[in-house]
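With chain H fixed as given, assemble chain C onto it according to the hints.
2 protein chains.
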Amino acid sequence: MNSDNLMDLALSKGREALEAQEVPVGCIFSIGSEIIAESRNTVNETRNPTRHAEINCIDQVLKYCNDNNVEPLTIFKDIRVTVTVEPCIMCAQALNNVGVAEVIYGCVNDRFGGKTVFDVSKVNDKFYRLEGDVMASNAMDLLKRFYEGTNPSAPKPKIKKNKEVK
Amino acid sequence: MNSDNLMDLALSKGREALEAQEVPVGCIFSIGSEIIAESRNTVNETRNPTRHAEINCIDQVLKYCNDNNVEPLTIFKDIRVTVTVEPCIMCAQALNNVGVAEVIYGCVNDRFGGKTVFDVSKVNDKFYRLEGDVMASNAMDLLKRFYEGTNPSAPKPKIKKNKEVK
Chain H
30 MNSDNLMDLA LSKGREALEA QEVPVGCIFS IGSEIIAESR NTVNETRNPT
80 RHAEINCIDQ VLKYCNDNNV EPLTIFKDIR VTVTVEPCIM CAQALNNVGV
130 AEVIYGCVND RFGGKTVFDV SKVNDKFYRL EGDVMASNAM DLLKRFYEGT
180 NPSAPKPKIK KNKEVK
Chain C
30 MNSDNLMDLA LSKGREALEA QEVPVGCIFS IGSEIIAESR NTVNETRNPT
80 RHAEINCIDQ VLKYCNDNNV EPLTIFKDIR VTVTVEPCIM CAQALNNVGV
130 AEVIYGCVND RFGGKTVFDV SKVNDKFYRL EGDVMASNAM DLLKRFYEGT
180 NPSAPKPKIK KNKEVK
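Top to bottom, those sequences are chains H and C.
Residue numbers 30 to 195, in my numbering, belong to the letters of the first sequence in order.
Residue numbers 30 to 195, in my numbering, belong to the letters of the second sequence in order.
If we strip away everything but chain H, and leave its shape as in the complex, we get (with noise of 0.2 Å):
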């Protein structure tokens, strides 16, 4: 499965995410063309403010590897994570902690973005590989309808073009 199949899936969860009134951002694990794990932002109707794609999705494999006693770090370090927007600062930290693979995200976020806002590789030894802008004016478009859609005369989102991450 390539980058945009899966990216075509993450936005799917997104997709979900919006018609739940969530922030729509969705989030896929996979290894090789196995999915792993899929979710999307639950914040609102959990009430848990932490509960981000990235991190029910992380939550997941924990849940298999404990159900499966399995140790998770051998799971974690072939993971791909295919998530609709570039992760906040603390699921950046949270990827790197569980020790996924690499991370490939859709459109960037200017306001938490763990590239864009500050770099989060620069405090870990060792990091993910990070690549963005994979379909990302899909990703932005769920944005954009969710934040119309809240409140129609709420500011445009400081969601931009996405650039090239090294």
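Derived by calculation from the structure, the hints in this document are not laboratory data.
In silico BS3-like cross-links for lysine-lysine, where the CA-CA straight-line distance does not exceed 30 Å: (1) C:Lys155 - H:Lys151; (2) C:Lys151 - C:Lys106; (3) C:Lys173 - H:Lys151.
Covered stretches of chain C (in silico footprint by chain H; criterion: 3 or more residues with CB under 8 Å from a CB of chain H, positions within the stretch not fixed): (4) 78 to 85; (5) 89 to 101; (6) 105 to 119; (7) 126 to 133; (8) 140 to 151.
Examples of chain H residues lying across from chain C (beta carbon under 7 Å, computed): (9) Thr79; (10) Met119; (11) Ala123; (12) Val146.
None of the values given here were measured: they were computed from a predicted structure.
C-beta atoms are modelled at their ideal positions from N, C-alpha and C, and glycine is treated no differently.
Just chain C now, kept in the frame of chain H:
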């Protein structure tokens, strides 16, 4: 209960972590003199690298709110967090996401601190009040004991005496 009493409790949770061979960080959530949540680092025992003391306390409050149908924001807005070590970037953002009132910490976290390494408050419209250097040497002693115990030939941890945080 004053800052030192609360930090004494946090340090006792930190010692519990040390005994369990976890990085010794303890944390207390309180409102006035009432303890709302108390926890410690459980990364190793849960095999979950995001289970820092602060995240465990957040989840205790959210479980209480969920079980009792209480809106979390109405609780978090009054919570004082007392934690033996400056919260890392991940925890600093998570604590701000849930909207705690203030965070009092012991010693600085020179590697991952959400103030020292990168000031997470700068990217948030509102942020909790932050105060450090409360019984910092006790918190440092716990960390030193942990790192020396793990590996007698390990270099000294990069934990400096705390500076006042504005």
